[in-house]
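Asker: The primary structure of each chain is shown beneath.
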Amino acid sequence: MIDVSHLSKNYGPTSSLIDMTFRAEEGEVLGFLGPNGAGKSTTMRILTGLARPTSGTATIAGFDVQRDHLAVRGILGYVPEQTAVYPDMTVAGYLEFLAGTKGIVGRDRTREMERVSGALNLQRERGRLLRNLSKGTRQRALIAQALLGDPKVLILDEPTVGLDPAQINDVRGLIREMAGRRTVILSTHILSEVELTCSRVAIVAAGHVVAQGTRAELLGRAPSKVSVTVRAERAALEAALDVALPNAVWACAEGVGGTWCASTVLPGEQQEPGATVGRAVIGAGLELHELRVDRPSLEDVFLRAVGRKPA
Amino acid sequence: MSAFVRQLRLVTQRELGATLTMPLYFVLTGLFFMLAASVFLASLVDFAKGSDTMSLNVTDAVLRPTFHTIHFFMLVQIPLLTMRLFAEDRANGMLDLLQTTPLNDWALLLGKYLATWLAQVVFLSLALLFPACTAFLGTVEWPIVIGSWLALVLLSSGYVAVGMFFSSLTESAVLAGVLSYVGLFVLAFGSAFAGASVLGDFARHFTVVEHVNAFFTGNLAWMNLCYFTSLTAFFLFLTARSLESRRWRA
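Line by line, the protein sequences are chains A and B. Numbers 122 to 432, taken from the working numbering, label the letters of the first sequence in order. Numbers 613 to 862, taken from the working numbering, label the letters of the second sequence in order.
Treat the hints with care, since some could be wrong.
[Claimed, not checked] Below, a sample of chain B positions facing chain A; criterion: calculated Cβ distance under 8 Å:
1. Ala630
2. Arg702
3. Gly705
4. Leu710
5. Gln711
6. Pro714
7. Leu715
8. Thr841
If you are wondering where the hints come from, they were derived from the structure by calculation, not from laboratory data. Just so it is clear, the structure is predicted and the values come from calculations on it, not from any experiment. For every residue, glycine included, the Cβ atom is placed at its ideal position computed from N, Cα and C.
Work the whole structure out from these sequences, hints included.
Answerer: So, in structure tokens, the structure goes:
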């Protein structure tokens, strides 16, 4: 549905995007996750036709976003990073105007306005001027306009900025509901937002995608830490661990009460490391005190991917 | 109704609503109408006293100076109305949002232009009260009056297009206003600074005041009509290019 291939964008000598490549399948909610300045908004602007790439291509539903930008605009709903509203209009006037720009007229317009106002809890504010409303309500109006006409593709650039926790929860629920029916790209730097709403994640850093996959795939590829504590001689423990995981490098330390503790970091490809170590220790007749497998969180995966150390 | 016409009407309605609910519009219209009325009354009193012995009729003595004054007021008023047209939309992100919808760029700019121009025509329509009042006092030369009024209407069209173009260049409404003032004053009175050379003659052909004076004497020459419509069309085209260039410059 959305195919971004080798996209680059230079601003003079500075490169904002370098060989950006990713896909979002139909009905998928793709989390576009990255720190500030990673190139998320530039990518969103290119996808919406607001900026041209220096090289590379991007297509939405088979339409090239540069060459066929009018066709793309017809199937796109966009929530920009900035709260783009006309302060001198009422919420209803604003939605009516934007419905008109999308060619939604007559009864369809009335029905669509009812639908999106209901989805974003805007019924009570419909007659109020946008300049008199809180940032959260203006943001909800902005999200509502993107839903007008039930677009096939939604591009949401930091959509929950300025919302209170209850409103954030509502918007996340709304995004989750869209899964399967619309293709959504959610650009954000909020990890929990991605974990709660997205079926797949693309992690962006320094202008390109550094990791992508489902949450399970990303976590599965990340290293996990295994530590085991036994009451036994150090040599016996090391021998048992060598049998279990011959390629692992273990760090051993003496514990309290005649125990020894060994720990190692295993690559993500290692299947069920806890069970393997447990079987080896018990099989060697050692007294097992503790066995712990620390799996990485999405935050760890994200921090490693963008080149920072997890705390 | 074609999609383009529907979009044009949509944008015109929105912008007309925004302009006509703007306190600045009413303040400027009221202020400049009162100032024009003062000039009109002062000229009328002078004419009645017979102090302006050079003028043979009420049109030359009273209405022409009034229309010249209104022309000057337009130069002051129009940048204040046009400076926000695109600059504000750029600053608050609306221009980005609109350019991701199927809205045609030409429908957007023509809608904004028409709404602002119509608001200006409302102000100019008030100016017709002056010849209407004068008609009770003496013989008004209507071809000259109509010519002068049409000149103002056509001029306002060109001036709105110029102001809108400068508004499309920046997201600062104040900067857009300053650029519009500089642009309009050069366009209106540039020939005053042109010397007696080939370049000076060339500059005079492009200066508004040379063409508007012909209208104010009742001369509705095609060349002058073409000048005013070309002025509008040229700056509308530049605005369209400016909007389009946002994509390839961004």
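Asker: Could you run down the list of hints and mark each one as holding or not?
Answerer: Comparing the hints with the structure gives:
1. Ala630: holds, 5 Å
2. Arg702: Arginine 702 of chain B check fails; min Cβ-Cβ to chain A is 10 Å, beyond 8 Å.
3. Gly705: holds, 3 Å
4. Leu710: holds, 6 Å
5. Gln711: Holds - the Cβ of glutamine 711 of chain B comes within 8 Å of chain A, reaching about 6 Å at its closest.
6. Pro714: Holds - the Cβ of proline 714 of chain B comes within 8 Å of chain A, reaching about 5 Å at its closest.
7. Leu715: Where the cut-off is 8 Å and the nearest Cβ of chain A is about 4 Å from leucine 715 of chain B, the hint holds.
8. Thr841: Violated, about 28 Å.
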